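Protein chains: 2
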Amino acid sequence: MLIVKKYGGSSVATPERVRNVASQIIEDVEKGYQIVVVLSAQGKTTDELVARAYEMNPKPSRRELDMLLSTGEQQSVALMAMTLQAMGYQAVSLNAFQVPMHTNKTYGSARLEAIGTDRLQAELDCGNIVLVTGFQGVNRYEDITTLGRGGSDTTAVALAAALQADRCQIYTDVEGVYTADPRYVKDARKLEEIGYDEMLELASTGAKVLHNRCVEMAKKYNVQIEVLSSMVKAPGTLVKEDSLVERMMVSGVAADKNVARISVIGIPDLPGKAFALFNLLSQQGINVDIILQSIGREDRKDISFTVAEENAEEAYEIVKKHQQALGAEEVTCTKDVAKVSLVGAGMISNPGVATQMFEALYSAQVNIRMISTSEIKISVLVDKDQVEDAVRAVHHQFRLYKKESGR
Amino acid sequence: MLIVKKYGGSSVATPERVRNVASQIIEDVEKGYQIVVVLSAQGKTTDELVARAYEMNPKPSRRELDMLLSTGEQQSVALMAMTLQAMGYQAVSLNAFQVPMHTNKTYGSARLEAIGTDRLQAELDCGNIVLVTGFQGVNRYEDITTLGRGGSDTTAVALAAALQADRCQIYTDVEGVYTADPRYVKDARKLEEIGYDEMLELASTGAKVLHNRCVEMAKKYNVQIEVLSSMVKAPGTLVKEDSLVERMMVSGVAADKNVARISVIGIPDLPGKAFALFNLLSQQGINVDIILQSIGREDRKDISFTVAEENAEEAYEIVKKHQQALGAEEVTCTKDVAKVSLVGAGMISNPGVATQMFEALYSAQVNIRMISTSEIKISVLVDKDQVEDAVRAVHHQFRLYKKESGR
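Each protein sequence line maps, in turn, to chains A and B.
Per the working numbering, residue 1 is the first one in the first sequence, and the count goes up by one each step.
Per the working numbering, residue 1 is the first one in the second sequence, and the count goes up by one each step.
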């Protein structure tokens with residue numbers, strides 16, 4: 001049995017926590033398992049390194065930033081190897097060069113392309129616990145790259161796929177995936193398992209447990225992920241291919257406050273206008289989430305869309321600059337909005353789900369600003385100060401606090 | 001013109017100092033020179049990393065310690081590259097993997113074996129200032145090694161040799177090589193140049209300006225080293241092959257307080273006894289410096305030797321344990337001694353040098369405990385509390401404060 005484990009920065013932030021994680025690893029070693037551990041940089045190390053970089057250069061090159069940041073994980077794995085050795089166990093740390101973890105050439109948000117397994121396998125065969133730096137790779141120039149947000153999770157899933165591990169355990173500061181954010185909804189329930197697609201929708205709608213990239217990779221290579229707590233000893237949530245047992249109608253409610261809405265009002269109702277608008281934004285690398293086009297009044301239409309809050313100003317400036325060319329009457333931008341999403345593979349076959357959701361929001365006096373639906377997700381835009389009411393209302397409506405039947 | 005520069009940890013300890021070093025580098029870039037810069041870890045970074053290692057494991061494995069320590073230099077080079085870029089210059093940082101700097105497999109005190117120059121040359125050809133991590137290498141297992149004491153100086157000299165650089169500049173916290181330690185001797189003079197052998201003798205006798213390994217490598221590959229200050233703008237000292245101009249009789253006086261003397265008294269005057277004694281010590285990896293054997297009285301002899309102070313207890317214990325087997329009457333150990341050495345290639349042809357040195361010490365009422373001579377060095381052991389008097393007396397005797405003729 002081969003297990004890949006991943007611990008985040010807060011799990012290894014202090015010497016005590018490093019020793020705690022080491023003990024957890026040893027428990028599984030004592031069961032006879034082979035263990036590969038992916039670690040992030042300790043605590044706030046990455047933030048501190050970024051601050052040191054910006055002190056020297058307000059616009060540091062991504063290549064050099066990656067060279068700098070990658071040292072954080074290297075320190076983590078070396079210190080963990082020493083800790084395990086101090087406890088009497090064989091361990092060896094490997095960085096991205098040594099594995100090797102090949103990525104494409106994009107600094108700052110590289111994508112893993114190929115992982116060498118010879119050395120990993122050799123170290124495991126020698127009886128070593130293998131500690132691998134998360135979040136980083138090496139590109140074709142032999143330069144160090146980092147994988148961007150969710151990078152260490154992605155490293156763990158990629159290693160699990162390459163090594164054909166029996167399980168990939170992602171340790172976090174929560175106990176698993178919940179039907180809603182437990183900070184908002186007191187009776188939110190931890191899910192025993194969830195399908196990849198539902199997890200993807202939850203992740204992209206603001207449930208920060210796992211990053212999309214890591215779930216996508218897990219789905220692609222069919223790696224079973226277990227999300228569990230590094231602090232509390234309890235079963236977590238399995239993220240896996242949809243099981244054969246009866247599907248839950250909905251798996252959870254997620255909220256995302258990192259949203260801004262931009263409205264372009266009174267565009268001439270001519271072909272090519274929507275393309276012109278969104279082409280401007282994609283050229284600047286701005287991702288657009290929900291898009292809504294109003295039914296035309298006379299020969300005009302309105303297009304509203306949402307972007308991440310940090311892109312709001314830039315997106316607004318771009319559209320404003322091209323207002324005349326687009327022929328729009330007005331451009332507005334607001335950050336006082338949030339997105340609430342209901343996710344569940346069972347929605348496809350349950351046409352009443354959207355209606356039930358809207359009913360719950362209406363009962364809670366929550367005004368819906370925009371609506372977007374996919375096969376397994378319904379997202380609504382609401383006022384930011386109503387987001388918690390909205391999540392609670394929807395969570396209650398679908399009885400997510402209770403176990404579904406057939407599970 | 002290609003110059004390799006090396007800056008130590010104190011030269012890059014703060015953001016201000018990093019910017020200061022960057023400005024110095026840029027001055028030479030503006031002259032049209034190609035520049036490779038070797039950097040140590042910033043300030044006390046290495047010490048802090050060692051402390052963190054020992055907190056997790058009182059006996060950390062050297063492999064993992066090297067993995068950890070190497071991150072310090074990597075941070076230095078990345079931050080310097082960003083700083084140079086902020087000032088408008090092209091720069092790129094490279095670690096030991098990327099150069100590559102191949103070493104033997106000995107962790108903690110690896111020896112450089114081969115340096116790849118393709119990437120270095122390519123980066124220089126692109127117009128980059130190239131920043132290379134000092135103190136580290138990669139061994140045949142693709143593991144990170146560190147070079148031990150004086151490691152970054154050695155990296156710089158090795159790179160200068162591999163790239164056939166025109167000069168190798170080692171920036172330190174002193175302005176060059178002096179005729180004596182300026183803290184002891186106020187009128188000590190900075191040397192314009194010194195030969196490799198003399199520098200080696202000075203280094204091994206306690207002048208900490210350059211480490212022996214780096215001078216040995218410079219001699220082997222005939223790399224001209226310039227030792228100069230990173231703080232004060234002034235010509236330094238050239239370390240090079242002996243020049244053709246008339247040789248100085250003596251180049252300097254060095255003091256080493258890190259000395260202990262062990263005396264083994266009353267050993268039977270039989271063959272093999274000295275071998276037996278020093279074999280015991282070398283088996284434990286203890287280096288012996290000066291050895292003195294007294295003329296036998298009757299059928300007995302005394303053997304005294306010096307070791308580094310930190311090895312004194314261990315050496316004493318070893319000899320004491322075998323006192324009976326050696327047939328010795330008594331074993332004593334004292335740390336109240338220091339070594340004063342006079343170094344100069346001219347000594348060979350000036351037989352009166354030793355006499356003059358002893359005369360100076362006698363005049364200063366300094367008692368000589370042991371004497372050892374080589375072709376270009378005379379070392380004496382004196383009481384520790386007399387070491388500064390001894391250095392001043394010898395320095396004065398040989399008029400080192402004045403320029404020698406012919407230079």
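Honestly, I wouldn't trust all of these hints.
Note that identical chains are pooled: a pair holds if it fits in a single copy or bridges any two copies.
[Said to hold, decoys possible] The calculated lysine to aspartate or glutamate pairs, modelled on DMTMM-like cross-linking and capped at a C-alpha distance of 25 angstroms, are:
{"no.": "1", "residue 1": "K44", "residue 2": "D125"}
{"no.": "2", "residue 1": "K44", "residue 2": "E16"}
{"no.": "3", "residue 1": "K220", "residue 2": "E30"}
{"no.": "4", "residue 1": "K105", "residue 2": "E142"}
{"no.": "5", "residue 1": "K105", "residue 2": "D125"}
{"no.": "6", "residue 1": "K208", "residue 2": "D125"}
{"no.": "7", "residue 1": "K321", "residue 2": "D197"}
{"no.": "8", "residue 1": "K219", "residue 2": "D383"}
{"no.": "9", "residue 1": "K105", "residue 2": "D118"}
{"no.": "10", "residue 1": "K320", "residue 2": "E359"}
{"no.": "11", "residue 1": "K320", "residue 2": "E113"}
{"no.": "12", "residue 1": "K59", "residue 2": "E27"}
{"no.": "13", "residue 1": "K219", "residue 2": "E359"}
No wet-lab data here; the hints were simulated from the structure.
The model shown is predicted, which means the values in this text are computed figures rather than measured ones.
Now the hints, each set against the structure:
1. K44 / D125: neither (34 angstroms within a copy, 38 angstroms between copies)
2. K44 / E16: both (16 angstroms within a copy, 24 angstroms between copies)
3. K220 / E30: Intra 32 angstroms, inter 53 angstroms, cutoff 25 angstroms: neither.
4. K105 / E142: both (9 angstroms within a copy, 22 angstroms between copies)
5. K105 / D125: The answer is between: 21 angstroms across copies meets 25 angstroms, while 32 angstroms in one copy does not.
6. K208 / D125: For K208 and D125, neither the intra-copy (36 angstroms) nor the inter-copy (46 angstroms) Cα distance is at most 25 angstroms.
7. K321 / D197: For K321 and D197, neither the intra-copy (38 angstroms) nor the inter-copy (72 angstroms) Cα distance is at most 25 angstroms.
8. K219 / D383: Neither: 34 angstroms inside a copy, 75 angstroms across copies.
9. K105 / D118: The answer is both: 23 angstroms in one copy and 20 angstroms across copies each meet 25 angstroms.
10. K320 / E359: Answer is neither; intra-copy 36 angstroms and inter-copy 91 angstroms both fail.
11. K320 / E113: neither (39 angstroms within a copy, 61 angstroms between copies)
12. K59 / E27: between (45 angstroms within a copy, 23 angstroms between copies)
13. K219 / E359: neither (34 angstroms within a copy, 86 angstroms between copies)
Figure legend: structure checked against the earlier numbered hints; hints not met, in rising order: 1, 3, 6, 7, 8, 10, 11 and 13.
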